[in-house]
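Take each chain as given, in its own frame, and dock them per the hints.
Each protein sequence line maps, in turn, to chains A and B.
If you count by the working numbering, then the first sequence holds residues 1 to 111, one letter each, in order.
If you count by the working numbering, then the second sequence holds residues 1 to 121, one letter each, in order.
No lab work stands behind these hints: they were computed from the structure.
Here the structure is a predicted model, which is why all the values come from computation and not from measurement.
A portion of the hints provided could be inaccurate.
Stated by the list, open to error - No farther apart than 27 Å at their CA atoms in a straight line, the calculated lysine-lysine pairs in the DSS-like style are these:
no.	chain 1	residue 1	chain 2	residue 2
1	B	Lys71	A	Lys98
2	B	Lys57	A	Lys98
3	A	Lys56	A	Lys42
4	A	Lys42	B	Lys71
5	B	Lys71	B	Lys95
6	B	Lys57	A	Lys70
7	A	Lys42	B	Lys65
Unchecked claim - Far from chain B by the CB rule (all over 10 Å, computed), these chain A residues:
no.	residue
8	Glu15
9	Ser28
10	Gln31
11	Ser69
12	Lys70
13	Ser82
Beta carbons are placed, not taken as given, at the ideal position from N, Cα and C, and that holds for glycine.
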Amino acid sequence: QKEVEQDPGPLSVPEGAIVSLNCTYSNSAFQYFMWYRQYSRKGPELLMYTYSSGNKEDGRFTAQVDKSSKYISLFIRDSQPSDSATYLCAMSGNRDDKIIFGKGTRLHILP
Amino acid sequence: EAQVTQNPRYLITVTGKKLTVTCSQNMNHEYMSWYRQDPGLGLRQIYYSMNVEVTDKGDVPEGYKVSRKEKRNFPLILESPSPNQTSLYFCASTKYPPSSRIRGGSYNEQFFGPGTRLTVL
Numbered sequence: 001q002k003e004v005e006q007d008p009g010p011l012s013v014p015e016g017a018i019v020s021l022n023c024t025y026s027n028s029a030f031q032y033f034m035w036y037r038q039y040s041r042k043g044p045e046l047l048m049y050t051y052s053s054g055n056k057e058d059g060r061f062t063a064q065v066d067k068s069s070k071y072i073s074l075f076i077r078d079s080q081p082s083d084s085a086t087y088l089c090a091m092s093g094n095r096d097d098k099i100i101f102g103k104g105t106r107l108h109i110l111p
Numbered sequence: 001e002a003q004v005t006q007n008p009r010y011l012i013t014v015t016g017k018k019l020t021v022t023c024s025q026n027m028n029h030e031y032m033s034w035y036r037q038d039p040g041l042g043l044r045q046i047y048y049s050m051n052v053e054v055t056d057k058g059d060v061p062e063g064y065k066v067s068r069k070e071k072r073n074f075p076l077i078l079e080s081p082s083p084n085q086t087s088l089y090f091c092a093s094t095k096y097p098p099s100s101r102i103r104g105g106s107y108n109e110q111f112f113g114p115g116t117r118l119t120v121l
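Pulled out of the complex, with its shape left as it was, chain B reads as follows (with noise of 0.2 Å):
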């Protein structure tokens, strides 16, 4: 079965505390992208990765890193976790990155992870 693993679902933690949250994927997807979801604010990418060892910023990455060290994993660091990344997380699994123009962009496969609740206090 295709699926996005996140772990943990749920965690509270304290401010400056670092904290990893996993990502996995079983499907041999090139694009993996994390985001964070608040109210009012919507969804919002934080980090995306083309492939193997090929990492980008997203709309809103200050405080948070990733690594792709492996195709089928992308975990989400915060080194030093404050109030304000108090959120819901989703990673997410695409199988072709969007420039990449697969049957003339007409066709993708996306999955995303169950999310994280994360709460900083």
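Bound-form chain A, shown alone (with noise of 0.2 Å):
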């Protein structure tokens, strides 16, 4: 079983929809939990940065981790055209800094 799945798409979803996108882990040393945007030929950028269990909400997105699931999410509302990028999650944990990635979810957003 790989540490971290992400189901990589692609994901077509209407403007305006609600956007879900998740990854499950089986390491749960994992404490610090990220999501990524990435457009096409850029550098990734953080979205989110969250510590345990939980929600975050910053601006249309809101990041929850499920530590008993071993499952984390976002959530993007009132999707734009402009959030058509591929979503990548991304975990570390308290012992060490290294960060293990999800191979990412393509998304787009349907004009």
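Given below as structure tokens:
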């Protein structure tokens, strides 16, 4: 089983819809959870950074961590065509600062 | 302007010819790291550095070396490149290492460089 699993998509949703992106993981030592957005031919951009379980909201983005289920989510409200990109989840543990990434989900927001 | 610069942006080389990809940040960040991105494999961490003279292996360190003699610079060295190191490489600079738990772990800032596309023939 891979440490971090993420559906590669592509995921296509109409403009204005709520988008739900998810990752599962197997390593219970992960404590720090991150979401990145990557546009084509660009470097990743850190969107959300959270520690342990719970929710974090930033504008139209909400990150949710459920450590008991080893499941994290990123919700995008009122999705826009400019949200079309690849979204990557990433995680890190307490004992070292190595960061493990999911493979990314390609998202298309249809006008 | 906060930025991470990488050079070169594109490089075509031959097997066995040593090369260095430079990375520099102007934000006084502690944590820097190198990643490679390959189709179907995603982004994988090669090496990271917590601070000057402190480096550690990421997920895929084989065939790579790094050094951190100054806080702002974190070069990636391929002593004897091979074709399986053909990839897109990103350097990243992060204000705090994940384990530092600044503000309860709910805050950090990170910037990626523009990427270096390396082809090893």
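**Message:** When the structure is checked against the list of hints, which entries are broken? Sort them ascending.
**Reply:** Number 10 only.
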